[in-house]
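Chemist: Here's the letter readout for the chains.
2 protein chains.
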Amino acid sequence: RHFHFCKLPGRVMGIRLLRFTSVVIVVLLLVAGALTALLPTIKDDKMPNLRREPKAQSQSALDSFTLIMQTYNRTDLLLKLLNHYQAIPHLHKVIVVWNNIGEKIPEEMWNSLGPHPVPVVFKVQTVNRMRNRLQNFPELETKAVLMMDDDTLVSAHDLAFAFSVWQQFPEHIVGFVPRKHISTPSGVYSYGSFELQNPGFGNGDQYSMVLIGAAFFHSGYLEDFQRQPEAVYALIDETQNCDDIAMNFLVAKHTGKPSGVFVKPVDIRNLEKDTNSGYSGMWHRAEHLLQRSYCVNKLVNIYDGMPLKYSNIMISQFGFPNYANHKNKM
Amino acid sequence: RHFHFCKLPGRVMGIRLLRFTSVVIVVLLLVAGALTALLPTIKDDKMPNLRREPKAQSQSALDSFTLIMQTYNRTDLLLKLLNHYQAIPHLHKVIVVWNNIGEKIPEEMWNSLGPHPVPVVFKVQTVNRMRNRLQNFPELETKAVLMMDDDTLVSAHDLAFAFSVWQQFPEHIVGFVPRKHISTPSGVYSYGSFELQNPGFGNGDQYSMVLIGAAFFHSGYLEDFQRQPEAVYALIDETQNCDDIAMNFLVAKHTGKPSGVFVKPVDIRNLEKDTNSGYSGMWHRAEHLLQRSYCVNKLVNIYDGMPLKYSNIMISQFGFPNYANHKNKM
Numbered sequence: 001r002h003f004h005f006c007k008l009p010g011r012v013m014g015i016r017l018l019r020f021t022s023v024v025i026v027v028l029l030l031v032a033g034a035l036t037a038l039l040p041t042i043k044d045d046k047m048p049n050l051r052r053e054p055k056a057q058s059q060s061a062l063d064s065f066t067l068i069m070q071t072y073n074r075t076d077l078l079l080k081l082l083n084h085y086q087a088i089p090h091l092h093k094v095i096v097v098w099n100n101i102g103e104k105i106p107e108e109m110w111n112s113l114g115p116h117p118v119p120v121v122f123k124v125q126t127v128n129r130m131r132n133r134l135q136n137f138p139e140l141e142t143k144a145v146l147m148m149d150d151d152t153l154v155s156a157h158d159l160a161f162a163f164s165v166w167q168q169f170p171e172h173i174v175g176f177v178p179r180k181h182i183s184t185p186s187g188v189y190s191y192g193s194f195e196l197q198n199p200g201f202g203n204g205d206q207y208s209m210v211l212i213g214a215a216f217f218h219s220g221y222l223e224d225f226q227r228q229p230e231a232v233y234a235l236i237d238e239t240q241n242c243d244d245i246a247m248n249f250l251v252a253k254h255t256g257k258p259s260g261v262f263v264k265p266v267d268i269r270n271l272e273k274d275t276n277s278g279y280s281g282m283w284h285r286a287e288h289l290l291q292r293s294y295c296v297n298k299l300v301n302i303y304d305g306m307p308l309k310y311s312n313i314m315i316s317q318f319g320f321p322n323y324a325n326h327k328n329k330m
Numbered sequence: 001r002h003f004h005f006c007k008l009p010g011r012v013m014g015i016r017l018l019r020f021t022s023v024v025i026v027v028l029l030l031v032a033g034a035l036t037a038l039l040p041t042i043k044d045d046k047m048p049n050l051r052r053e054p055k056a057q058s059q060s061a062l063d064s065f066t067l068i069m070q071t072y073n074r075t076d077l078l079l080k081l082l083n084h085y086q087a088i089p090h091l092h093k094v095i096v097v098w099n100n101i102g103e104k105i106p107e108e109m110w111n112s113l114g115p116h117p118v119p120v121v122f123k124v125q126t127v128n129r130m131r132n133r134l135q136n137f138p139e140l141e142t143k144a145v146l147m148m149d150d151d152t153l154v155s156a157h158d159l160a161f162a163f164s165v166w167q168q169f170p171e172h173i174v175g176f177v178p179r180k181h182i183s184t185p186s187g188v189y190s191y192g193s194f195e196l197q198n199p200g201f202g203n204g205d206q207y208s209m210v211l212i213g214a215a216f217f218h219s220g221y222l223e224d225f226q227r228q229p230e231a232v233y234a235l236i237d238e239t240q241n242c243d244d245i246a247m248n249f250l251v252a253k254h255t256g257k258p259s260g261v262f263v264k265p266v267d268i269r270n271l272e273k274d275t276n277s278g279y280s281g282m283w284h285r286a287e288h289l290l291q292r293s294y295c296v297n298k299l300v301n302i303y304d305g306m307p308l309k310y311s312n313i314m315i316s317q318f319g320f321p322n323y324a325n326h327k328n329k330m
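Protein chains in written order, with the UniProt record's numbering: chain U, 1 to 330; chain V, 1 to 330.
Looking at chain U on its own, in the form it has when it is part of the complex (with noise of 0.2 angstroms):
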């Protein structure tokens, strides 16, 4: 049919016409060079988002990042982070998702102990859900999103050696802890860590997600989650876990590779024991583990397949912490 179309300026061609046909050519040209120089860029390419950007952003908003961390029964651990993270290199704003529903944010006694460095919203919210996170804050105005758990400190190195790393893949969730599923004979998936390995597999290790509870990644990304079907959000409320999981499912949708960049942690210490509120994490609770598992599986009869992919490559800074840490010392 379309090749009908084309063959039809041969039949009516008149003298106006062959004029008016090299009109067509330069127009066709025209277009052609403007589709040229509409061609995406690799990360455009990657990033539909980029694409459809909601909101206009000031230069400081394009190399710096949002931390967005959740908290939950832990003020006093919260306040101590909120410091700790107040001078990180690059960080454009804070939001704080609140989670304790009904209760007070301590808005009054931060900004009595001002000024800050760097703005802190608190959102509250009305219910408290694990993925009241993952929500496509209004308040979010950089491309980078950094996400951090509310009880895991990652030293202000670590987080500026990764966000350079994000830079150069904006696709990826750039992060600190990698995590594997494995398929087995059964059929049936399990996720676990370096506990666990494909049978077969040679040398070394893989991972194939990199969790978001203290990791990078493009803001476009809580846009896409916005879109993913009920069953996905119903999934993540029954268990009150794997938000994290099916975040990685959307991005190797998205990108069609591994969903994660591993990048070593030199310094990162998780400070539950700190808090006073003698509230530990979900995932002390004994099914967490098995509720993991328990939603790859799900997740792939949702997305109807596996889109997970294995990587194996690790990132280090190179020179630090010591300057010779290229050399190797096994």
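If chains are identical, the list can't say which one is meant, so a pair holds when it fits in one copy or spans any two.
Taking lysine-lysine and the DSSO-like style, the derived pairs with C-alpha atoms no more than 27 angstroms apart in a straight line are:
hint, residue 1, residue 2
1, Lys309, Lys327
2, Lys298, Lys309
3, Lys273, Lys80
4, Lys327, Lys273
5, Lys327, Lys80
6, Lys257, Lys327
It is worth saying that the hints were derived from the structure and are not from the lab. None of these values were measured; they are calculated from a predicted model.
Please arrange chain V on chain U, whose structure you already have, making use of the hints.
Modeler: Structure of chain V alone, referenced to chain U:
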């Protein structure tokens, strides 16, 4: 002027032309469609050479590499290395660049000790030149080239991993030996390694070159090397040095990014001491390093600018050699 052309149809428009215009629109859509279909993939985009692929390539040629090794005056070492490298995974062919002018190649002996798993081609040269190894050899059928100095041994494991990294960074030189240039207030560049540091540079170190004496790179760059300014060849021949620096300039100019990706080797060795020829590598010459700084400055003049960019990314294999190498033990 373009705009003027676009308006023309409006003026000469008639009934027939109206019908014709719809055809034009369809044609435009077809062109748009075609152009979209022709959008380069990321790798093609970085690698024009992929598009003007000179030779038909077997599947194995696509997921394998060619080892190019230049040798001079250390045939005993060469034979050792040929044996070492015969069974590397994904090795498609070995090309030996024979710089021992007038000397017989050891092909007979090599064949008498066959069969060998991988074909070895001896390329007899007429002049002993450093840049002989940078020819676009007709025997080269793979996209990936592994170039090794004739005194360097890298473990099969490191090579297999680095090849997998190269497949993810095909427009870069992926190798095991990082170097850098630094700027001085005088405007003169200096060449070196960890002992040099840019003034006021923060934590850690950087590199701006990856030497091709132990690296993977795209065969298209050998093609590109044939189209460099004469002055580049003259510089390399005059110094019998710096061909690797020139390649880094070429790649950096081509990509607009850092030329190299540094893979931290687990086991790399210099076998120089194992030769009976008593001959030791060019890099022992007193003037070697001075020449390399000299070359950097010359190349900046020839290319009218400094294309080299810094990187501080160091890639290791996750979980190898020890399963917990992602845990920090500094």
